[in-house]
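Peer 1: Residue numbers (numbering that gives the first Met the number 0), protein chains in the order written: chain U, 0 to 259; chain L, 0 to 266.
I should point out that these hints are in silico values taken from the structure, not numbers from a laboratory.
Among the clues, some could well be false.
[To be verified] To give a feel for the contact side, a few chain U residues facing chain L, derived at Cβ under 10 Å:
(1) 17
(2) 24
(3) 29
(4) 33
(5) 35
(6) 38
(7) 193
(8) 194
[To be verified] Just the calculated beta-carbon pair ranges, DEER-fashion:
(9) U:13 x L:95: 26 to 32 Å
(10) U:197 x L:244: 48 to 54 Å
(11) U:251 x L:12: 39 to 45 Å
(12) U:251 x L:174: 30 to 36 Å
(13) L:249 x U:196: 52 to 58 Å
(14) L:98 x U:9: 34 to 40 Å
The C-beta atom is built at its ideal place from N, Cα and C for all residues, glycine as well.
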Amino acid sequence: MPAFAALVRAGFQRHASYRRATLASAFTNSVFGFLKCYVLLTAASGRGEIAGYDAASLAMFAWAGQGLLGVVELFSWTEVTNRIRTGDIVSDLLRPVNPMVAFLAADLGRAGHALVIRLAVPITLGALCFPLRWPSAAATWLWLAVSVLLATVISFATRYLVNLLAFWWLDARGPNTLWLFGSALFSGLAIPIPFFPEWAQTVLWCTPFPWMLQAPLDVLLERGSPVLSVGGATVVAVGMLGSCAVVQHVAVRRLVVQGG
Amino acid sequence: MAEVLGAYRRLFAAQVRSQTQYRVSFAVDLLFNAGLTVIDVLVLLTVFRVTPELAGFDVRATLVMAGLAQLAFQLADLAVGNLERVPFYLRTGLLDAVLLRPLSAFGQLVVLDFAVRRVGRVLQGVATYGVALSLAGIGWTGPRVVLAVVAPFAGAVCYGAIFTAGAATMFWLVDGGEVVNVLTYGGRDFASYPTPVYGAWFGRVFGFALGLASVGYLPALALLGRSDPLGTPAWAHWGAPLVSVAWALVAALLWRVGIRHYRSTGS
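All chains should be built: construct the whole structure from the sequences, respecting the hints.
Peer 2: Below is the structure:
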């Protein structure tokens with residue numbers, strides 16, 4: 000446990016040292032927040048609400064989504080793939096901490112750092128420029144914190160699983176493309192999941208993608224029961240981490256380390 | 000001159016040959032590249048599932064704008080998209096090698112790492128634009144045909160210039176390079192929807208000060224024969240492709256200043 004805490008701290012510090020890059024990301028996410036917010040608000044302007052979202056909810060959806068995307072990390076991540084390709088993964092395997100646990104700790108540290116800047120900047124800007132719908136119940140904030148943590152774990156586990164496929168394919172470009180497709184379209188980043196037809200929504204909630212962004216946003220906007228959302232996310236998080244553990248176990252057993 | 004062109008041609012041919020060496024791998028890459036760009040079209044169609052119109056434009060009219068923006072962006076991305084790698088060249092010192100060779104730095108950077116797989120994205124752009132044009136019920140006239148052909152290329156010059164100007168600012172920004180995405184990918188997303196969607200000041204800055212309304216929105220108005228709720232005159236719709244000339248001049252100037260500003264670390 001002290002090792003885990005130290006790795007979380009290291010993950011936080013690693014990202015804290017790229018100040019300019021973090022600010023650049025926060026700025027970029029914010030401008031895309033404007034683009035997304037205006038399109039959603041215009042779509043709702045005719046009838047006042049769409050798919051159960053009124054204007055203030057849509058604005059909150061857009062801005063909180065732009066802030067959280069850096070926290071849960073929806074962009075592609077190839078660190079482990081690169082380490083598998085170069086063989087550096089061997090030194091990760093030699094360490095006393097399971098690489099999955101070590102990378103998870105570092106990712107949680109990264110997410111913690113993202114909360115400070117990458118979430119704060121877009122939310123502040125959004126609140127200054129648009130009326131946002133804030134939670135009405137105080138307990139929502141607590142549920143939201145748990146929900147964001149679980150979303151980060153699910154996002155990490157899915158990214159890690161995609162990365163692990165490099166043990167078989169060397170470059171995980173194919174699975175990575177599927178990741179990009181899923182994280183952009185089916186997580187609630189581009190459009191709210193309730194915009195999709197009913198049957199598609201049912202299918203999507205069986206994948207990890209909506210659990211990474213739509214689920215915490217639902218909790219924030221108090222759509223549906225937070226207990227169900229957090230409970231479901233817990234099941235998905237455990238399932239995804241379990242899959243990672245199994246895949247890593249199989250991969251390590253067939254791994255042949257070349258000397259030299 | 001012929002010698003210089005020959006050198007570029009050989010560099011280019013070498014890239015194409017090496018990247019298409021593994022046929023299946025290359026075909027899969029092409030397909031993935033085309034597939035990824037479909038995301039933006041799917042988002043647009045899903046938005047129109049829940050609303051019949053955006054700022055007075057239905058799905059067919061908006062698809063023409065999106066088709067124009069997408070095709071223009073994909074063409075620019077194919078041609079000069081790898082200028083996004085300038086920070087990598089700066090960090091690794093490869094730019095020093097480029098500057099030492101007797102060819103223009105810009106030309107070499109475009110040819111080096113030319114990503115042939117991006118042809119897949121252009122094919123997707125052509126398909127989207129083609130479908131949009133055929134569904135929009137355009138009353139075809141001679142000038143409209145010319146505009147429909149010229150507009151995507153003019154838009155491509157705009158985006159290409161934005162890529163170039165963005166790459167030039169890397170000489171100063173280095174690790175803050177992500178801000179350039181605001182104008183490249185953000186510019187593509189902006190131009191994919193009618194400009195009146197974007198509120199007063201934001202639409203004015205992106206659409207008219209930065210000229211991005213000229214990529215999708217204004218030429219689409221001319222093609223559809225509609226007037227602009229924002230009040231721009233018809234000649235501006237037809238003249239929109241000229242904005243690309245201004246962008247090209249700005250980008251050329253910025254690139255020149257940027258590359259002169261560059262001081263190698265000498266390592």
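Peer 1: Each hint: holds or not?
Peer 2: How the hints compare with the structure:
1. 17: holds, 6 Å
2. 24: holds, 5 Å
3. 29: Nearest chain L Cβ about 9 Å off; hint holds.
4. 33: holds, 5 Å
5. 35: holds, 8 Å
6. 38: holds, 6 Å
7. 193: Hint on residue 193 of chain U: holds, closest Cβ of chain L at ~8 Å, below 10 Å.
8. 194: holds, 5 Å
9. U:13 x L:95: 26 to 32 Å: holds, 29 Å
10. U:197 x L:244: 48 to 54 Å: holds, 49 Å
11. U:251 x L:12: 39 to 45 Å: holds, 43 Å
12. U:251 x L:174: 30 to 36 Å: With Cβ atoms ~34 Å apart, the hint holds.
13. L:249 x U:196: 52 to 58 Å: About 45 Å separates the Cβ atoms of residue 249 of chain L and residue 196 of chain U, which means 52 to 58 Å is violated.
14. L:98 x U:9: 34 to 40 Å: Taking Cβ atoms as reference, residue 98 of chain L and residue 9 of chain U lie about 38 Å apart, which means the hint holds.
Consistency note: the structure conflicts with earlier hint 13 alone.
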